[in-house]
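**Q** Quick note on the working numbering: the sequence shown kicks off at 76 and runs consecutively.
This list has only true hints and no planted wrong ones.
Result set (BS3-like, lysine-lysine): computed pairs, CA atoms no more than 27 Å apart in a straight line: (1) Lys271 x Lys206; (2) Lys299 x Lys166; (3) Lys206 x Lys322; (4) Lys274 x Lys195; (5) Lys206 x Lys195; (6) Lys171 x Lys206; (7) Lys315 x Lys271; (8) Lys195 x Lys317; (9) Lys195 x Lys315; (10) Lys166 x Lys315; (11) Lys206 x Lys266; (12) Lys317 x Lys102; (13) Lys166 x Lys179; (14) Lys299 x Lys179; (15) Lys102 x Lys351; (16) Lys274 x Lys206; (17) Lys317 x Lys206; (18) Lys322 x Lys102; (19) Lys171 x Lys299.
Okay, the calculated beta carbon distance ranges per label pair: (20) Pro173 x Thr307: 22 to 28 Å; (21) Glu226 x Gly263: 57 to 63 Å; (22) Glu84 x Pro272: 44 to 50 Å; (23) Ser192 x Gln106: 55 to 61 Å; (24) Glu269 x Val338: 45 to 51 Å.
What the hints contain is simulated information worked out from the structure, not anything from laboratory work.
Here the structure is a predicted model, which is why all the values come from computation and not from measurement.
Built from N, CA and C at the ideal position, the CB exists for glycine as well.
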Amino acid sequence: PNEQIMWDESLVPSINYSGEGCLALPKLNLQFLTLHDYLLRNFNLFRLESTYEIREDIQEAVPHLLAYINNEGETAFRGWSRMGVPIREFKITEVKQPNIGEVKPSAVTAEVTFSISSYKAQIRSEWNALKEHDVLFLLSIRPSFEPLSAEEAEKATVPQRLGLQYVRGCEIIEIRDEEGTLMNDFTGRIKRDEWKPPKGELRTVTIALDTAQYHMDVTDIAEKGAEDVYGTFNVLMRRKPKENNFKAILESIRDLMNEYCIVPDWLHNIFLGYGKP
Numbered sequence: 076p077n078e079q080i081m082w083d084e085s086l087v088p089s090i091n092y093s094g095e096g097c098l099a100l101p102k103l104n105l106q107f108l109t110l111h112d113y114l115l116r117n118f119n120l121f122r123l124e125s126t127y128e129i130r131e132d133i134q135e136a137v138p139h140l141l142a143y144i145n146n147e148g149e150t151a152f153r154g155w156s157r158m159g160v161p162i163r164e165f166k167i168t169e170v171k172q173p174n175i176g177e178v179k180p181s182a183v184t185a186e187v188t189f190s191i192s193s194y195k196a197q198i199r200s201e202w203n204a205l206k207e208h209d210v211l212f213l214l215s216i217r218p219s220f221e222p223l224s225a226e227e228a229e230k231a232t233v234p235q236r237l238g239l240q241y242v243r244g245c246e247i248i249e250i251r252d253e254e255g256t257l258m259n260d261f262t263g264r265i266k267r268d269e270w271k272p273p274k275g276e277l278r279t280v281t282i283a284l285d286t287a288q289y290h291m292d293v294t295d296i297a298e299k300g301a302e303d304v305y306g307t308f309n310v311l312m313r314r315k316p317k318e319n320n321f322k323a324i325l326e327s328i329r330d331l332m333n334e335y336c337i338v339p340d341w342l343h344n345i346f347l348g349y350g351k352p
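Construct all of the structure, not just a fragment, from the sequences and the given hints.
**A** The following block contains the structure:
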């Protein structure tokens, strides 16, 4: 999800729901029209639930960084956050040609460099535990030059209060230490007896960006003269591994929706709530 979806109150409300009204969300009933209907409702609900959880994590992590504008007019950070770290360098390394029949690139790869020098040993070990297929978030923080007054803060949206400009998700391909040695590799490129603890305090993560979102961003830059989102990222955020499996679950539901036959005929009607077990 990007920043527009996350803070869209019509899609992901932030109110404390009391049950008195009706939310514009797909319902999970006792009966469903088809198996596709059941999967689609679960897909939409889980996607919105994941978006809400990611939004809450961002709202918790960003304030701890204490972002401000320095004398050079650039964003700097006074504080630190367990789940968010300032980015040293970000660069897109490869944009592959689209597949036949598609307009979006087949893959967009980038590299992010960050330092874990300001963390204690326990938090360092958490960052060092990042591995392939983990999902991270790239944030663009640009706070106002002067702090918002109490009245302005009350009227401002959450992104305005945080100074949050953009949010983009990405998936880890590989992570390397300061000497360029591969870390947490499960592909067999580094044998178990050749493993060494990571060296230095800089970490470089090779990531795969969302190709559809990248195509939309590049199109906006070309047609509307929009800002280059990918030149503004300055914070890398991670989430707790137990809560960060939303991408794999959504992909599994999507793949099931594209299959013709998932359950046998004798179970079909019972599953949809019409049969008599």
